[in-house]
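Number of protein chains: 2
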Amino acid sequence: MNKFMRAAIAEAQLGLEEGGIPIGAVLVHNGNIIGRGHNRRVQLGSPILHGEMDALANSGRQPAKIYRESVLYTTLSPCMMCTGAILFFGIPKVVIGENTNFMGEEELLRSSGVKIEIADSEECKKLMRDFIAARPELWNEDIAEPCKTGN
Amino acid sequence: MNKFMRAAIAEAQLGLEEGGIPIGAVLVHNGNIIGRGHNRRVQLGSPILHGEMDALANSGRQPAKIYRESVLYTTLSPCMMCTGAILFFGIPKVVIGENTNFMGEEELLRSSGVKIEIADSEECKKLMRDFIAARPELWNEDIAEPCKTGN
Chain A
2 MNKFMRAAIA EAQLGLEEGG IPIGAVLVHN GNIIGRGHNR RVQLGSPILH
52 GEMDALANSG RQPAKIYRES VLYTTLSPCM MCTGAILFFG IPKVVIGENT
102 NFMGEEELLR SSGVKIEIAD SEECKKLMRD FIAARPELWN EDIAEPCKTG
152 N
Chain B
2 MNKFMRAAIA EAQLGLEEGG IPIGAVLVHN GNIIGRGHNR RVQLGSPILH
52 GEMDALANSG RQPAKIYRES VLYTTLSPCM MCTGAILFFG IPKVVIGENT
102 NFMGEEELLR SSGVKIEIAD SEECKKLMRD FIAARPELWN EDIAEPCKTG
152 N
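Taken in sequence, the protein lines are chains A and B.
The opening position of the first sequence corresponds to residue 2 in the numbering used here, with each subsequent residue numbered one higher.
The opening position of the second sequence corresponds to residue 2 in the numbering used here, with each subsequent residue numbered one higher.
Just chain A, same shape as in the assembly (with noise of 0.2 Å):
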């Protein structure tokens, strides 16, 4: 597997060990890390820290030109919320670790002229399974959408 979209799924399971939502992104830039970051939901009780967001938040100030070198690996499908980030910074290009437990707006970002490439990760697919059947009033939350349970 790719380095990098190991990284970012190292930052998942760390969130994971945390008590969150093990989703995990890297922002590179010429082969180099730039922001690491993990969703932190539950540990910082922020709604806004999805794992591409906490990425880009600890890339800290960048120039323009920078995020329209880079790419970004994303452990999950990223929501209309990270996809509104990607296209405002210009990033040219996303790594997705999976799409099957939630695909977001690739469409949107494929028609913008982001290159989108899915890794079909295995591991990916395994984090959210599980973590979506364990704690899906969480997941439901985190994604923004009403669950039976009155989120």
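Mixed in with the good hints, there may be bad ones.
Since the list gives no way to pick one copy over another, a pair counts as held whenever it fits inside one copy or between any two copies.
[Said to hold, decoys possible] Keeping only pairs whose Cα atoms sit at most 30 Å apart, straight-line, the calculated DSSO-like set for lysine-lysine is: (1) K94 - K66; (2) K127 - K4; (3) K66 - K126; (4) K66 - K4; (5) K127 - K66; (6) K94 - K126; (7) K127 - K94.
Since the hints were made in silico from the structure, they are not lab data.
Following the hints, put chain B in place on chain A, whose structure we already have.
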């Protein structure tokens, strides 16, 4: 002026006093402010903390139904990142202080069914006009646009 837009402007002014970019927002549910925020790129070194995102972050973990009954007030037209967040959380209405200094993704919001109101506030316009004139390089960095200084 509407008291919620006034609260968003107060957030923008707080940001300016902190040395930051003067954009503020509040999230309102059933007539109560449940999250206040302002752009904190400079203060926290975070590229994702636009005013709207900071207000969402500060609203904490809310059930999906709360967002779907809320109104977001923001001093400036929402960029693609903040638009993605508005759509992701299903916020049905956005009140925008001004869109003269920056026109965000209002068409995407409207076409996605979000109700938009433009307050066309002179106070909001002056805040941004003065800031952009004083700190053009910081403004370009915030909207992820390359500028002549190499950002």
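- [ ] Just pull the numbers of the violated hints for me, sorted ascending.
- [x] The structure breaks none of the hints.
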